[in-house]
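Listed in order, the protein sequences are those of chains D and S. Throughout, the numbering used here is defined as the position within the first sequence, counted from one, plus 52. Throughout, the numbering used here is defined as the position within the second sequence, counted from one, plus 11.
The set of hints was computed from the structure by calculation and includes no laboratory data. There may be inaccurate statements among the hints.
What the hints assert, rightly or not - Dumping the calculated DSBU-like pairs for lysine-lysine here, alpha-carbon to alpha-carbon at most 30 Å:
#	chain 1	residue 1	chain 2	residue 2
1	S	K61	D	K147
2	S	K382	S	K612
3	S	K800	S	K755
4	D	K147	S	K640
5	D	K211	S	K423
6	D	K147	S	K333
7	S	K678	D	K147
8	S	K398	S	K332
9	S	K782	D	K147
10	S	K295	S	K423
11	D	K147	S	K434
12	S	K382	S	K423
13	D	K200	S	K36
14	S	K793	D	K200
15	S	K504	D	K147
16	S	K755	S	K678
17	S	K36	D	K201
18	S	K755	D	K88
19	S	K793	S	K640
20	D	K211	S	K755
21	S	K332	D	K211
22	S	K434	S	K382
23	S	K504	D	K211
24	S	K332	D	K147
25	D	K88	S	K663
26	S	K642	D	K147
27	S	K433	S	K398
28	D	K211	S	K36
29	S	K20	S	K434
30	D	K147	S	K612
31	S	K170	D	K147
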Amino acid sequence: MITTEAPDRAEVLRYLGGADAQPDERLTALLDSCEKELLRIAEPKYLYRMIDLPCDEWIAGEDIRAHLRGCDRAILLCATLGMAVDRTLRVTQIKDMSRAVVLDSMANVLIEQVCDKAERLIAAQLPDCHLTFRYSPGYGDYPIAMQKKFLEALDAPRKIGLSRNESDLLTPSKSVTAIIGVSKEPVERRRRGCAVCNLRETCRYRRRGNHCGFENTSQ
Amino acid sequence: MDLKTLLNKKEFVLLDGAMGTMIQKSGAVYDHSPETLNITRPELIQSFHKAYIDAGADIVYANTFGANAYKLAESGYSVQEIIAAAVQNAKKAAERTGALVALDIGPIGMLLEPAGSLRFDEAYDYFREQIEAGQGADLIVFETMTDLYELKAAVLAAKEHSDLPVLATMTFERSGRTFTGVSPAAAALTLSGLGVEALGVNCSLGPDELEPVIAEMTRYTDLPLIVKANAGLPDPNSNEYDILPDRFAECVTALLPYGVKLVGGCCGTTPAYIAAIKAALDGKQYIPCPRSTDTAVCSASTVVEINMPRIIGERINPTGKKLFRQALVENNIDYILTQALSQVSGGAELLDVNVGHPEIDEKQMMVRVLKAIQSVCDAPLQIDSTKPEVLEAGLRCYNGKPIVNSVNGEEKSLSSVLPLVKKYGASVVGLTLDEDGIPKTADGRFAIAKRIVERAEALGIDRRDVYIDCLTLTVSAEQDACRETLQALRRVKTELGCKTCLGVSNISFGLPNRELVNRTFLTMAMEEGLDLPIINPNIESMTGAVRAYRVLAGLDKNSLDFIAAYQDTPAAAAKPSAAEMSLSDAVYSGLQNEGAAATRKLLETQEAMVIVNQHLIPALDRVGEDFEKNKIFLPQLIQSANTAQACFDVIKEHLSRTGTESVSKGKIIVATVKGDIHDIGKNIVKTLLDNYGYTVVDLGRDVDPQLIADTAVEQDITMVGLSALMTTTLGSMEETIRLIRATKALQNPDGSSRVKIFVGGAVLTRDYAMKIGADFYCRDAKESVDAAKTVFKESQNPD
Numbered sequence: 053m054i055t056t057e058a059p060d061r062a063e064v065l066r067y068l069g070g071a072d073a074q075p076d077e078r079l080t081a082l083l084d085s086c087e088k089e090l091l092r093i094a095e096p097k098y099l100y101r102m103i104d105l106p107c108d109e110w111i112a113g114e115d116i117r118a119h120l121r122g123c124d125r126a127i128l129l130c131a132t133l134g135m136a137v138d139r140t141l142r143v144t145q146i147k148d149m150s151r152a153v154v155l156d157s158m159a160n161v162l163i164e165q166v167c168d169k170a171e172r173l174i175a176a177q178l179p180d181c182h183l184t185f186r187y188s189p190g191y192g193d194y195p196i197a198m199q200k201k202f203l204e205a206l207d208a209p210r211k212i213g214l215s216r217n218e219s220d221l222l223t224p225s226k227s228v229t230a231i232i233g234v235s236k237e238p239v240e241r242r243r244r245g246c247a248v249c250n251l252r253e254t255c256r257y258r259r260r261g262n263h264c265g266f267e268n269t270s271q
Numbered sequence: 012m013d014l015k016t017l018l019n020k021k022e023f024v025l026l027d028g029a030m031g032t033m034i035q036k037s038g039a040v041y042d043h044s045p046e047t048l049n050i051t052r053p054e055l056i057q058s059f060h061k062a063y064i065d066a067g068a069d070i071v072y073a074n075t076f077g078a079n080a081y082k083l084a085e086s087g088y089s090v091q092e093i094i095a096a097a098v099q100n101a102k103k104a105a106e107r108t109g110a111l112v113a114l115d116i117g118p119i120g121m122l123l124e125p126a127g128s129l130r131f132d133e134a135y136d137y138f139r140e141q142i143e144a145g146q147g148a149d150l151i152v153f154e155t156m157t158d159l160y161e162l163k164a165a166v167l168a169a170k171e172h173s174d175l176p177v178l179a180t181m182t183f184e185r186s187g188r189t190f191t192g193v194s195p196a197a198a199a200l201t202l203s204g205l206g207v208e209a210l211g212v213n214c215s216l217g218p219d220e221l222e223p224v225i226a227e228m229t230r231y232t233d234l235p236l237i238v239k240a241n242a243g244l245p246d247p248n249s250n251e252y253d254i255l256p257d258r259f260a261e262c263v264t265a266l267l268p269y270g271v272k273l274v275g276g277c278c279g280t281t282p283a284y285i286a287a288i289k290a291a292l293d294g295k296q297y298i299p300c301p302r303s304t305d306t307a308v309c310s311a312s313t314v315v316e317i318n319m320p321r322i323i324g325e326r327i328n329p330t331g332k333k334l335f336r337q338a339l340v341e342n343n344i345d346y347i348l349t350q351a352l353s354q355v356s357g358g359a360e361l362l363d364v365n366v367g368h369p370e371i372d373e374k375q376m377m378v379r380v381l382k383a384i385q386s387v388c389d390a391p392l393q394i395d396s397t398k399p400e401v402l403e404a405g406l407r408c409y410n411g412k413p414i415v416n417s418v419n420g421e422e423k424s425l426s427s428v429l430p431l432v433k434k435y436g437a438s439v440v441g442l443t444l445d446e447d448g449i450p451k452t453a454d455g456r457f458a459i460a461k462r463i464v465e466r467a468e469a470l471g472i473d474r475r476d477v478y479i480d481c482l483t484l485t486v487s488a489e490q491d492a493c494r495e496t497l498q499a500l501r502r503v504k505t506e507l508g509c510k511t512c513l514g515v516s517n518i519s520f521g522l523p524n525r526e527l528v529n530r531t532f533l534t535m536a537m538e539e540g541l542d543l544p545i546i547n548p549n550i551e552s553m554t555g556a557v558r559a560y561r562v563l564a565g566l567d568k569n570s571l572d573f574i575a576a577y578q579d580t581p582a583a584a585a586k587p588s589a590a591e592m593s594l595s596d597a598v599y600s601g602l603q604n605e606g607a608a609a610t611r612k613l614l615e616t617q618e619a620m621v622i623v624n625q626h627l628i629p630a631l632d633r634v635g636e637d638f639e640k641n642k643i644f645l646p647q648l649i650q651s652a653n654t655a656q657a658c659f660d661v662i663k664e665h666l667s668r669t670g671t672e673s674v675s676k677g678k679i680i681v682a683t684v685k686g687d688i689h690d691i692g693k694n695i696v697k698t699l700l701d702n703y704g705y706t707v708v709d710l711g712r713d714v715d716p717q718l719i720a721d722t723a724v725e726q727d728i729t730m731v732g733l734s735a736l737m738t739t740t741l742g743s744m745e746e747t748i749r750l751i752r753a754t755k756a757l758q759n760p761d762g763s764s765r766v767k768i769f770v771g772g773a774v775l776t777r778d779y780a781m782k783i784g785a786d787f788y789c790r791d792a793k794e795s796v797d798a799a800k801t802v803f804k805e806s807q808n809p810d
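Only chain D is shown next, with the shape it has when bound in the complex (with noise of 0.2 Å):
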């Protein structure tokens, strides 16, 4: 079980906006009222398998063979907050547009805290590992549509109910799936970052030097 604790404040604020400035008072009681509600109401969830490499069914493409390389194992991981996060976001934009944007960053910093503490809990079932950042269906030339393959191996709709749609988006929408290498050697430890991230084009913290809170890996 994973209990949430309030979403590190500098990644929400990130996602805002807003970066040559500090949040006024306004916008403090907002973001604190914010936090108050999400973790009352986010049900975080996880699931995970190990599974023994090399296995040509989890591979598709050569970004996710660079990034297993030097593993002999790795996990499956999936995390979700659950569905009452989606219904008060629908709601919300309904009833108050910048409540909703606070929320909504809000959580995706708290599904990337769920996502750091399953890791650290499994971490330390496996001393003397080594383990690759989270790598998800999506990433660099690994298709999304391995996201059907990773909810059915984990049995991720009957277990914590999560599921995709035919468009390979998670339902609910604040979830994560990933896999993990694992290896007894050191393996370079990347952060995901710009190198990997499809948005690289795109980015409005890229387009001012700056990125999203995944380390910038030089490129």
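Keeping the supplied structure of chain D fixed, place chain S upon it in accordance with the hints.
Coordinates of chain S only, in the frame set by chain D:
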């Protein structure tokens, strides 16, 4: 033997245990889905069924849980092949044993709208295919469901494509709800109404933890309950479950007083569990457990018991409301949703939904509006139309147990509406009028009420689900009528044992101080036994009268609800002082009251358009620029935009008062393309465009290209904004653009397109946008406004 005989004959009906666990333990290997084993290892599957029958199971579930077209897509087998083989395997095992075979159907594996994007009708088709393939079974079981809406599609498909009896079970979390938020009470109410033979719980938790769920279900149904629990929780390492057969049987037995009649096991259970249950049930008797609630209606998450006056909000109705009619014609669903949410905040516990208007397709609109309201609002709904086909379309897509408004004493109405109420398991409002109009006397109305109730009961509708409306007449026209209405109401309540409802505000038509008359009449009616006042819940004194009545009549125990509703009022009631502030500063700071006040002040001396062009728009531009320069955050930009909206509202009100034409600067369609369900970006664009004075027609998310083209044609709109978040949905964006370009009615005489299209979304690039034929690529909401300015500048008249 069939299921009904089995249920009548036996004290308890034993179901089987887990199929998956048996497959796992056997080590059998399969590709894609375990259902393929029906074909590759028939004797193995038969041996599992046999083992359960030998252990005592009266019903075995065929190995068809995931045999739907979505899950079997890559298996190499069709739904028909798998299901036919599976039913045959089970039948073979059951031969000469008397055991029945159930066609077992689990969730499709994709989420339905609104949380997902699978449409109700699509879900229905998946289930229909399975049901048609499984006609050889003795009954149909739907299990492990987490979404009541999906389960409703399943049960309807079963009822409409088969004569087999249906069992239905859902899966609940430790929170007492399913993943999608369905409560056990809502499941029990809705499924009982839809005509299943028995309902209950499977999978979920161990039987030791299911008592709260079962206890809640039994309060809302007369049907026998089903318990098919997991063998506790699996150990994460060994995957062994922690409740052993004897303990399992003991826990199941403890649930019998709640009316449990069908028992078996889910994940982790084996024939040993079924044998243990059989032994434990030996000599015990089924304890029927009639529902303890009188009548109730529900959404998927919220049940409202009609055990005290409950407020039905009347505002979703175009009658006499110009803005509402306009919203219907323009497909402005957000306006209707705002009405729904504000009524609930005002104190409505149920909402009436009426979208009848000659200029629109009422049936289509009813479905759209009901789905939209259900996606944001938990209050149960009352489907209101004079047309049976509209009622039926609404009943189909409603998730829960609704109220139908209405049937009346006319033969035509009785014979067309009541069968729908029965089929979909709704409650119904019965109006005491018939071919001869509204009887003048209480006796006359009572007679019609009696007739309606008798007809309902003849169809198997419980009289407690018929809510009689004795009709409010205008007291200024017929002063005695009020007394007749109240007398009829009391008689219906006491002599027929029905609940009552009344539209209240009609009473005061033609009188001054209507509110006072309405409130007094409402109070009198409640004392006579009114259960469901249909009122405007945003009129504080009306809602307050209901709340106060509940306290005084001893219904609101310890005045808890009353205190909760009013303890904070004094502080909130103080009108916010609209300090002197320039319009520009108010917009920049995002202060709505101050902005509105400043606008009112300016209107005393300046023309509306001058205020818009010289004050409002420049202020918004300043905010936009600062956002671009990262000096302010997105929520602040939106707050400013909303302030501008408040200013526009003041201006619009002023113009409509002075009879000047509207200030709309142009009409724009926005939509998130088909397949895409992330719409926050589109909604930000909408907010901004709205507040720059454009009229935005928001078609929502996951929008069919044809709807976008059709709307553009119907409303003569020449600017369209499309949003797509994912690479997988860029194809839909391209297709939508192609369709708009190809639509003749949207072309100039020379064949060129009249429509300007702007596109945006996370993965989109300028190059790609141009490649797929867009006119503008907008990186953010601010750039959408720039695009709109460019487009509409050409067509604007210079003032």
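Okay, the hints, checked on the actual structure:
Distance check on the hinted pair: S:K61 and D:K147 sit about 57 Å apart at the alpha-carbon level, beyond 30 Å; violated. A threshold of 30 Å between alpha carbons decides the hint, and for S:K382 with S:K612 the separation of about 42 Å lies outside it, so the pair is violated. A C-alpha spacing of about 26 Å is found between S:K800 and S:K755, which places the hinted pair at or below 30 Å, so the restraint holds. In summary, the hint linking D:K147 to S:K640 is supported, as the alpha carbons are separated by about 28 Å, within the 30 Å threshold.
Proximity of D:K211 to S:K423 is assessed by CA-CA distance (about 49 Å); at most 30 Å being required, the pair is judged violated. Taking the CA atoms of D:K147 and S:K333, the gap is near 22 Å; set against the 30 Å cutoff, the hint holds. Restraint check for S:K678 and D:K147: satisfied, since their Cα atoms lie roughly 23 Å apart, inside the 30 Å limit. The straight-line distance between the Cα atoms of S:K398 and S:K332 is roughly 21 Å, inside the 30 Å bound, and the hint therefore holds.
A threshold of 30 Å between alpha carbons decides the hint, and for S:K782 with D:K147 the separation of about 37 Å lies outside it, so the pair is violated. With a C-alpha separation of about 50 Å, the suggested pair S:K295 and S:K423 falls outside the 30 Å cut-off, and the hint is violated. For the suggested pair D:K147 and S:K434, the alpha carbons sit about 36 Å apart, so the restraint of at most 30 Å is broken. For a cut-off of 30 Å, the pair hint linking S:K382 to S:K423 stands: about 28 Å separates their Cα positions.
About 26 Å separates the Cα atoms of D:K200 and S:K36, which keeps this hinted pair within 30 Å; it holds. Straight-line distance between C-alpha atoms of S:K793 and D:K200 comes to about 36 Å, which puts the hinted pair past the 30 Å bound. For the suggested pair S:K504 and D:K147, the alpha carbons sit about 39 Å apart, so the restraint of at most 30 Å is broken. At roughly 20 Å between alpha-carbon atoms, S:K755 and S:K678 fall within 30 Å of each other, so this suggested pair holds.
About 23 Å separates the Cα atoms of S:K36 and D:K201, which keeps this hinted pair within 30 Å; it holds. This hinted pair does not check out: S:K755 and D:K88 have alpha carbons roughly 52 Å apart, beyond 30 Å. With a C-alpha separation of about 12 Å, the suggested pairing of S:K793 with S:K640 holds against the 30 Å cut-off. For the hint linking D:K211 to S:K755, the alpha-carbon distance of about 50 Å lies beyond 30 Å, and the restraint is violated.
With a C-alpha separation of about 48 Å, the suggested pairing of S:K332 with D:K211 is violated against the 30 Å cut-off. Restraint check for S:K434 and S:K382: satisfied, since their Cα atoms lie roughly 20 Å apart, inside the 30 Å limit. Of the pairs offered as hints, the one joining S:K504 and D:K211 is violated, with about 47 Å between alpha carbons and a cut-off of 30 Å exceeded. Annotation: proposed proximity of S:K332 to D:K147 holds, straight-line Cα distance about 21 Å (limit 30 Å).
For the hint pairing D:K88 with S:K663, the CA-to-CA distance comes to about 37 Å; that exceeds 30 Å, so the pair is violated. Among the hinted pairs, S:K642 with D:K147 is consistent with the structure: their alpha-carbon atoms are about 26 Å apart, no more than 30 Å. Distance hint between S:K433 and S:K398 is fulfilled; the C-alpha atoms sit about 17 Å from each other, no more than 30 Å. At most 30 Å may separate the alpha-carbon atoms for a hinted pair to count; D:K211 and S:K36 meet this at roughly 20 Å.
Between the alpha carbons of S:K20 and S:K434 the distance comes to roughly 27 Å, so the proposed pair stays at or under 30 Å and holds. A distance of roughly 27 Å separates the Cα atoms of D:K147 and S:K612; the hinted pair therefore holds under the 30 Å criterion. The suggested pairing of S:K170 with D:K147 is violated, with an alpha-carbon distance near 39 Å, which exceeds 30 Å.
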